[in-house]
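Chemist: Throw the hints in and build the complete structure from the sequences for me.
The residues making up each chain are set out below.
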Amino acid sequence: MGRFIIRRVLWLILVLFVVLLITFILMHLVPGGPWDREKALAPKVIEALNKRYGLDLPLWRQFVNYAWGVLHGDLGISYSYSDRTVVSILAHGIPKTATLGILAFVVAQAIGIPFGVAAALKQNSAVDYASVLFSTVFASIPGFVLGILLIVLFAVVLHWLPTSGWGSIQQLIMPVFCLAALPAAQSARITRASTLDVMRQDYVRTARSKGIMESTVRVRHIFRNSLIPVVTVAGPELANLITGSFIIENLFAIPGVGRLFVQGIFARDYTLIMGGVLFYAITIALLNLVVDILYAAIDPRIRYE
Amino acid sequence: MKRKTFILSILSILVIVSLIFTSACSTSSTSGANSSTAANSTPQVITLNLAGENNTIDPNRASWTSERTIIIQCFDGLLTFNSDLTLAPMVAKEIPTVANKDISADGKTYTIKLKNNVTWSDGTKVTAKDFVFSFKRLFSPDLASEYESFYSDVVGGDAYFSATGKTDAEKQALQDAIGVRAVDDYTLEIKLTDSLPTFTQLLALWPVFPVRQDMVAKYGDKWAQPDANGAMPNYIGNGPFILKEWVQQDHYTLVRNEKYWGTKPKLTQITFKELTDANLALAAYKAGELDQSGVPGGTEQTTMNDATLSPQILRFPTLTTYAFQFNVTKPPFDNKLLRQALACAIDRSAYINQVRHGVGKVALSWIPPGMPGFDATLGTDWSFNPTKAKQLLAQAGYPDGKGLPELKFQIANTGANPTIAAFLQGQLKDNLGINLTVELMESKAYSALYNAKQFTWGFTGWGADYPDPDDWLPQLYMTGAGNNKTGYSNPAFDAISKQALAELDNTKRLQLWAQAQAMVVADQPMIYVFNRETFVLQKPWVKGMVTSGLDGNVAGDTFLRNVYIQK
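Protein sequence lines, in the order shown, are assigned to chains A and B. Position 58 of the first sequence, counted from 1, bears residue number 58 in the working numbering, the numbering being contiguous throughout. Position 52 of the second sequence, counted from 1, bears residue number 52 in the working numbering, the numbering being contiguous throughout.
Quick caveat, the hints were computed from the structure, so don't treat them as lab data. On a predicted model such as this, the values are computed, not experimentally measured, just so you know.
Capping the alpha-carbon separation at 30 Å, the derived lysine-lysine pairs in DSS-like fashion look like this: (1) B:LYS166 / A:LYS44; (2) A:LYS39 / B:LYS408; (3) B:LYS129 / B:LYS113; (4) A:LYS39 / B:LYS171; (5) B:LYS171 / A:LYS44; (6) B:LYS498 / A:LYS39; (7) B:LYS567 / B:LYS266; (8) A:LYS51 / B:LYS171; (9) A:LYS44 / B:LYS191; (10) A:LYS39 / B:LYS336; (11) A:LYS39 / B:LYS191; (12) B:LYS191 / A:LYS51; (13) A:LYS51 / B:LYS453; (14) B:LYS166 / A:LYS39; (15) A:LYS51 / B:LYS166.
Modeler: Here it is in structure tokens:
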């Protein structure tokens, strides 16, 4: 197990290097640079700006310098956010984005999994139809539409919640719900399908025929085994939620990294883009590792040697 | 893995989550009304929306309107603008003129006397040295100020700014050679390489507001940045408000400068939020969280029809002109008759009335109404006239559009741009039977194409930095000028512009610019389409608001010091 984790982490370092290199190349291939504006800057101003931010060096030198910096924990400075270091920008944004993401994830699973299990156990019942309706509605409403509807209802009409911003529990409710809607719907559907599948397995029939109590069969034989596909999907889903949503953060004016990253791309803020990609890549890789470890915990047939 | 360790890891994740959560929530605090004066029962606080995020609020470095919005509350320059956009003295005792000898007879030396009662927010005096420092810093090659090029006429400025690769000693020598000095504590002398009468306007702009040398010496460029908690202890200004807090990507809190040297503002606190989503801003306005807000593009008519909102609409023209600009160096748009034909084929008032619900004003020439140089009679020859358009098209060598190559139009895919492109496409089809290929581009990709002059026909807008033809004509139409993307080159225009730029007699100067603008409009390197009108909602209790054509995203930001609240 320990060796497995070490091997995966070593691989991760190589993967991150390749991801950074590809991002760097793509970033410079895209037309338009940070100083391109409709109201043109004077050539002497562009020259001075390039010098200030080290963009006057040959591209390979810029990449080497950047990679060297990353090894020392220095992700450079942003040129569209007042020369703040990318490290400090991410340090400010990640806790907010991650809080939202983790809460949304918990809410999504807390709604989705029980709903899915209940629907499967009582197939073709009212609960089942309600689950299908719930999944279809929330899987098809785009986040920004749901967000605007919530804002109008709870902030403008009822005055129960503030429209937006960051700092209080009340301000979290609407964005968390918007973020959780789609994964909750997906989770309900996957759990339902996988539970139905497990219920028809031979070992469930065997367990029942041995006379084990129905509740034990449900918990130990059905529920636990039906979680495998749910966990598989949950890893990338959590990664997706933690890295933030541009639309939701923008709509609710949340100073998180999801919004920053997209704005960094629009502004061709090279260091911010690289920092964002690095954060994404690390999060996704680590959560995939966690999922692999969880498999072993849930399914006795899976072992890492 | 054992079940016990599994449970343990779940528990540890939960602990981490709760740690993150508590630390994230504790960093920002909500700012309420705090220091309302006992005498006035209504708290004099206002919440506005900046509608954008700032890069820098360092006066020497800033270049965007939303950055200017913050800076002008916290700093006073040598001169300022009145609400009619004429100049007024601020820290300077009077406006420099040749008549009062503050400008030398050759127009190259400015001697500006300063008021001796102007103080920084910490109580120390503002002297000529503070302006000298600001000017020299503006030209620093290491600072890379985007507005440096506006002040290129200052002796030695450009030489210092271009010294990017030089040694520190060489840079120091060049900095010392800049023609700005403090004759005494309250007399500032500025030397220019050429006579430039509109230099007085430049003295009213933020890049040369005074800057504290001690703060820059101590904190470097970070003097204008918040600390980890968002506080701005080093951002010392001489303006009516003090920036107390800048929580980045969230909000700014400004409080009244109780030691302000001039007439103190009535507001005790201004909060600028940074809500970038227009739908959210409107919802926040309706929920009472904002005192002023824009409306999402395209919803102006709905707002006007709304019984509650319509009395809260605040509308005023801003000094911005939008145009379809040609690359006149490449066929087919090197053909003047073709450009004129296309200009006559566009029903601009249909665009204003049907697409923009009457918000905006038809433009037929470049300089917008409300500032010197506007001429209502100019460009009427190229107003909407389909018959004339067809005649001109035939004269251009393309009767009924026959023989015309494919026309391509490039535009950044942002905001209402796709709508205006579709409008142009429809107009050419309906009025001339010509097909137009629209190429929507990502905005930076468009800017790159545009700056490299690789476009064929595009959409552009120009807003006033200062209200004078100097900011509108030479920059865009002189041969080879920085913002001349059309490739327009007219020796007669160049000659007249050079004369106008240096002319000290204001009447004569404006006459020269009138001639120059008439030349450009006749050549139609751009088809002028419309002037912008600001359309916002404002709560009825906001009183004393004075709007001007120079206002940025926040309506009335130029004169917030006059605003008060009356509920």
